[in-house]
Amino acid sequence: MGFEETELRLGLPGNGGGGGGGGSHEGEMVMRKRGFSETESSDESADNNVDLKLNLSSKDQPKAQVVGWPPVRSFRKNMMAVQKSSTDESTEKAVSGGSAVFVKVSIDGAPYLRKVDLKMYKSYQDLSDALGKMFSSFSTIGNCGSQGMKDFMNESKLMDVLNGSDYVPTYEDKDGDWMLVGDVPWEMFVESCKRLRIMKGKEAVGLAPRAMEKCKNRS
Amino acid sequence: MSEDDDRSPPSDPATKPPRPCAAGILASGSGGGGGVGGCGGGSTSVELFPAPFPDQVLENVLESVLCFLTCRRDRSAASLVCKSWYRAEALTRSELFIGNCYAVSPRRATARFTRVRSVAIKGKPRFADFNLMPHNWGAHFAPWVSTMAKAYPWLEKIYLKRMSVTDDDLALLADSFRNFKELVLVCCEGFSTTGLAVVANKCRQLRVLDLIESEVVDDDVDWISCFPANHTCLESLIFDCVECLINFEALERLVARSPSLKKLRVNRFLSMGQLYRLMIRAPQLTHLGTGSFGTVDGMILGDQEQDYAPAFAACKSLTCLSGFRETLPELLPAIYPVCANLTSLNFSYANINAEQLKPVIRHCHKLQTFWVLDSICDEGLQAVAAACKELRELRVFPIDAREDIEGPVSEVGLQAISEGCRKLQSILYFCQRMTNAAVMAMSKNCPDMVVFRLCIMGRRRPDHLTGQPMDEGFGAIVMNCKKLTRLAVSGLLTDRAFSYIGKYGKLVRTLSVAFAGDSDNGLKYVLEGCPKLQKLEIRDSPFGDAALRSGLHHYYNMRFLWMSSCKLTRQGCREVARAMPRLVVEVMDNEVDEGAIVEDEVEILYMYRSLEGPRDDAPKFVDIL
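Chain order of the listed sequences is A and B. Each residue of the first sequence is one higher than the last, beginning at 895 in our numbering. Each residue of the second sequence is one higher than the last, beginning at 3 in our numbering.
Wrong hints could be hidden among the right ones.
Once the Cα atoms are required to be at most 27 Å apart in a straight line, the calculated DSSO-like pairs of lysine-lysine come out as [claimed, not checked]: (1) A/998 / A/1016; (2) B/508 / B/537; (3) B/204 / B/159; (4) B/537 / B/159; (5) B/484 / B/508; (6) B/360 / A/971; (7) B/534 / B/446; (8) B/537 / B/425; (9) B/622 / A/1009; (10) B/204 / A/1009; (11) B/368 / B/485; (12) A/998 / B/204; (13) B/622 / A/1016; (14) B/265 / B/204; (15) A/1013 / B/622; (16) A/1094 / A/1013; (17) B/569 / B/485; (18) B/569 / B/622; (19) A/971 / B/534; (20) A/1094 / A/971; (21) B/425 / B/508.
Think of the hints as simulated: they come from the structure by calculation, not from any bench.
Work out the full structure, taking the sequences as your base and the hints as a guide.
See the structure below:
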């Protein structure tokens, strides 16, 4: 979130957005600045730092920021950040808080494309379920069936699927190459995926050898 | 509607043949059919209507009369009189309100009420707005839309608040309801511009498309271009929360071909120049959201020298102004021509100071609703108090929502408002410091107060002049404001404050508590003392199982109870679940919280009455006891 990044402080680095799964969480556990104590030979965890701030916060604990307090909705909290940096932040970031990974998802034959935030999911299975739901209304993949959609993310079934006329998920990675989904660990996929394309099985055949190659190079 | 559908749409009561005096028949019949409003005239009508089937006549008459009952509480009361009233009421209810989407199933609701034209459904509890509820908790619109698609093909209006709505849901909606007229989504998420495109394109009778504080995913779809190419029926188009670029030319053409358009709120990606072009095409507007009210991305778009005041002056019916997302204060004089007529002004995104506010607010004599940022300081609030004698609702939002900083507004502003705006009914006030004296003054000066929400942003802050807890201030509010139904408390509060609420807050329906109280007694006072309590949301307060048990007599009367980061144990919640079978008791952890999780300690309790028992769409992290 742009606002936090521009704030000068010497405390422990904040977590940024939500932990495991949330796209737009505000929750940060950030240690607040300790006044003049940084000028001393500082051991951040030492409790013996004299707090030279003169405000009257009589509470014993350090005032770490708390989730959802004050009760102001995120679009209002982000407002100042958005207003200051609206030229350099994309519209997606303004909505989601900066730690989301939005990628376009297109499926051959469907009239619309979608965008998903990969950070919302923890595994290929999660992503597959979500995409299955998203595209299930399109008759073009009606014959694929929900089972087909569930399976296509299963790494061991990729080859089976390729041989049929089922749909195959592919993605464009940071290098601009089109790869089969599922050949790298989930976290690596989230890092490198730029867009997703679910293509008809026949067209994806040529990708398989390249995917294997890259896999070998990485490991 | 398909030709196979042989159910008739609800008949319009206005076209029904006039009946003989209903009051007459009912009064002479059962002798006490409840205070049914009569037409003038005596009870000679019994002879006029020698019905072979008196029950049917009675029901027809009942239906005619019940059509005039619009308040849902009155309708519920009517439905309890006897079975025939229950049936008649169910047949004539055209507006369905579901306060908690999990309290009743779509099937049950549509089975009882078969002729509904308008549906309102609320989902997640309010604390979900502040990220206190884990993602993907529920409140899905899908089961509702799929059931209603079959049950209410003539449905015209849908209002959703805090629901999870997908593009597929919107597509089904657009396909299923031929006569669909109004869609209002408040604090919803899960859909994208694709969904909007489908609604715009397929709902040819659409009058209202209002997106309020909702999250819309940007799918790069130009949904504005998807409205019908000829004349539209649009009366209201609100999309100020949509964080996507808009095809301006398409919007301009849309406004030009929407002669009924009265409400238009654009998003912040429209500059002043673009707004001007829209306004001159729609001088009939009553509600306007101005978008950026400045530039977009630092570009002036060639209109810097333009005088925008004539465009505002041309909108003679303008009463409600909002937007101001990236306000250039020097452009504010453009709105002077409309200030005198404004009843509602939303400056809550405008980073302006007192000096910039004064020349505007000075003219706003009729203002009843005012939302603003605390950047105007106490001085700005004093100007508001001096000018806006008709003010009913005030909201002061923080420009910098952190604790432990010097805030620009304080008890001085609150005091001034209480003295100047005697008709105030609703207030939401964020501040860093407050005194009991100012709160007490407001309780005495504003006897019409219905909603009092004070948020002292520093947790557990006492009265900053006396060092005392804020008990007396909030006590005065519940004591003196006899019409109070909604209360949110903050600052340093002991159990005493809650004893006041329990003793005097007899009409309180919604109570919001954070970082307050000393012991179980606090919650006990409230649960035992407030008979009208319906919605109770508590966070980070030391209330435990004993306090929870003290509300068993009341939970079936409530819509929900939320308690997070309190002192509840799983065992305690389980006991409540066992004692009350019609209560759904959900227990969960907030995945974002990094504090140590103690065994058996409950992080979040969310419980609500329900006719359906545990829901079947609960995600893994929710435990239903």
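How the hints compare with the structure:
1. A hinted pair counts as satisfied when its Cα atoms are at most 27 Å apart, and residue 998 of chain A with residue 1016 of chain A qualifies at roughly 18 Å.
2. Using a Cα cut-off of 27 Å, the hinted pair residue 508 of chain B and residue 537 of chain B holds, with the two alpha carbons roughly 14 Å apart.
3. Taking the CA atoms of residue 204 of chain B and residue 159 of chain B, the gap is near 15 Å; set against the 27 Å cutoff, the hint holds.
4. Pair hint residue 537 of chain B plus residue 159 of chain B holds up; C-alpha atoms about 26 Å apart against a cutoff of 27 Å.
5. The hinted pair formed by residue 484 of chain B and residue 508 of chain B meets the criterion: a straight-line CA distance of about 9 Å does not exceed 27 Å.
6. Restraint check for residue 360 of chain B and residue 971 of chain A: the C-alpha separation of about 25 Å stays at or below 27 Å, so the hint holds.
7. Taking the CA atoms of residue 534 of chain B and residue 446 of chain B, the gap is near 23 Å; set against the 27 Å cutoff, the hint holds.
8. Distance restraint check for residue 537 of chain B and residue 425 of chain B: the Cα-Cα separation of roughly 26 Å lies within the 27 Å cut-off, and the hinted pair is therefore satisfied.
9. Note on residue 622 of chain B and residue 1009 of chain A: the hinted pairing holds, with a Cα-Cα distance of about 25 Å set against a maximum of 27 Å.
10. Distance check on the hinted pair: residue 204 of chain B and residue 1009 of chain A sit about 22 Å apart at the alpha-carbon level, within 27 Å; holds.
11. Taking the CA atoms of residue 368 of chain B and residue 485 of chain B, the gap is about 23 Å. The hint holds against a cut of 27 Å.
12. For the proposed pair residue 998 of chain A and residue 204 of chain B, the alpha carbon gap of about 25 Å is at most 27 Å, so the pair holds.
13. At roughly 14 Å between alpha-carbon atoms, residue 622 of chain B and residue 1016 of chain A fall within 27 Å of each other, so this suggested pair holds.
14. A C-alpha spacing of about 21 Å is found between residue 265 of chain B and residue 204 of chain B, which places the hinted pair at or below 27 Å, so the restraint holds.
15. With a C-alpha separation of about 18 Å, the suggested pairing of residue 1013 of chain A with residue 622 of chain B holds against the 27 Å cut-off.
16. Taken as a hint, the residue 1094 of chain A and residue 1013 of chain A pair is honoured in the structure, with Cα atoms around 26 Å apart against an allowance of 27 Å.
17. For the hint linking residue 569 of chain B to residue 485 of chain B, the alpha-carbon distance of about 32 Å lies beyond 27 Å, and the restraint is violated.
18. Between the alpha carbons of residue 569 of chain B and residue 622 of chain B the distance comes to roughly 23 Å, so the proposed pair stays at or under 27 Å and holds.
19. Proposed proximity of residue 971 of chain A and residue 534 of chain B is contradicted: the alpha carbons are some 33 Å apart, above 27 Å.
20. Restraint check for residue 1094 of chain A and residue 971 of chain A: not satisfied, since their Cα atoms lie roughly 44 Å apart, outside the 27 Å limit.
21. The straight-line distance between the Cα atoms of residue 425 of chain B and residue 508 of chain B is roughly 22 Å, inside the 27 Å bound, and the hint therefore holds.
Consistency with the previously given hints fails for numbers 17, 19, 20, ordered from lowest to highest.
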